[in-house]
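Each chain, written out:
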Amino acid sequence: MNDEPTAGSRGEGPRTGPEDCGPIRDLLPLALAGTLTRPEEAGVDAHLARCEECRAEHRFLRGLVEARPRAPASLAPGVTRSLDAEIPRRVPQGFLTWGLSAAAVVVLALGIGALWDRMQAPDPTWSLALDAPAESWGQEDWMVAGGALLDGVSEETLLALLEEM
Amino acid sequence: MTDSKASVPGSGVASSEEDLLEWAASGDRDAFGALIRIHQDMVYRYLLALTKDEEDALDLAQNTFLKAFRGLSRYRRDAPFRNWLLAIARNEARTLFTVGRRRMEEPLGPGVEPEAGDPGPEEAAVQAGEMARVRGALERLPEKQRMSVSLRLFEGMSYREIGEATDSTEGSARVNYHHGIRRLRDELESGPGDGPGATEGP
Chain U
1 MNDEPTAGSR GEGPRTGPED CGPIRDLLPL ALAGTLTRPE EAGVDAHLAR CEECRAEHRF
61 LRGLVEARPR APASLAPGVT RSLDAEIPRR VPQGFLTWGL SAAAVVVLAL GIGALWDRMQ
121 APDPTWSLAL DAPAESWGQE DWMVAGGALL DGVSEETLLA LLEEM
Chain H
1001 MTDSKASVPG SGVASSEEDL LEWAASGDRD AFGALIRIHQ DMVYRYLLAL TKDEEDALDL
1061 AQNTFLKAFR GLSRYRRDAP FRNWLLAIAR NEARTLFTVG RRRMEEPLGP GVEPEAGDPG
1121 PEEAAVQAGE MARVRGALER LPEKQRMSVS LRLFEGMSYR EIGEATDSTE GSARVNYHHG
1181 IRRLRDELES GPGDGPGATE GP
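Just so you know, the sequences run in chain order U and H.
Each residue of the first sequence is one higher than the last, beginning at 1 in my numbering.
Each residue of the second sequence is one higher than the last, beginning at 1001 in my numbering.
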């Protein structure tokens, strides 16, 4: 069964003869709601201009629509209050962005400062070498790695190695 | 029919319902507030037709919108948003009927919210009286007829949509609407004075 009594698709207007009071009255609520297509609206208007009974029906329905209940003014604020109590609103976006940006600048500045200080300080391993006590020179601990392998190598071979280096 | 466009407070920009839904789904409460203003009358009237109690209808309507906000990420765009809201409202009403009413039903009174543009207290009283008559007559309709009349006449819904909203069929929605309108006319036009809107004489 078609939902709406139009001839075919919703785009076509209804017929407007006296035998069509039924389909016209079926459309009157949609006419009052303003949801008819232009052809439908034209068809309804044309029929109402010729049919007193349907005009009376239209008046009756319009009276009902005008007397329809409305939502109390407290409905929307009540919902908003409940939402605010349940989920606190976020910090305004602009302030939050500013705060995050400021924090990022501070962290970056501290990081750069720490890095700069480290670059200025001498390598602690160099300090240890320069500050090595004089008596350590005579001990085997200071010998370079691989130094013992040179023992027993002829002077001629050592010179050849130096030339390669 | 309510306009689906609304301005989001603070932005000064008129938006379509699609935009409002997208912003609300990301947590924008101002956008959701605009959606409430668009649909609150429909949801409230639907629940009032179901419960016949103004306080229950208000509580259920608020719960409906709260659940809608929490579940916006689950709303599929393949059906109108208002249909989705009505489905939530229907579930809320079922919860009320399952748990049981908190208090005895009270007849609808003339407690009418003043509307912007009311010209004066005398005319407002006349309007309030007429509204009370209509609402009382609606309340006395059987539930299926009351729902069909409310959704067809006040919300401009198709019979198919009414069937979905009332767990019935398209054909039943049509029959219930016409029967309901006939009963309303019989009651309102047979009482003292003429029916609603019958200000024009023959």
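Calculated from the structure, these hints are not laboratory results.
This structure is a prediction, so every number in the text was calculated from the model and none was measured.
Just so it is clear, CB atoms sit at the ideal spot from N, CA and C, and this is done for glycine as well.
Be aware that one or more of the hints could be misleading.
[What the hints assert, rightly or not] Label-pair restraints from in silico Cβ distances:
no., chain 1, residue 1, chain 2, residue 2, range
1, U, Ser-74, H, Pro-1080, 20 to 28 Å
2, H, His-1179, U, Pro-88, 49 to 57 Å
3, H, Gly-1129, U, Arg-59, 14 to 22 Å
4, H, Asp-1167, U, Arg-55, 47 to 55 Å
5, U, Ala-46, H, Ser-1073, 41 to 49 Å
### Query
Any of the earlier hints contradicted here, and which numbers?
4
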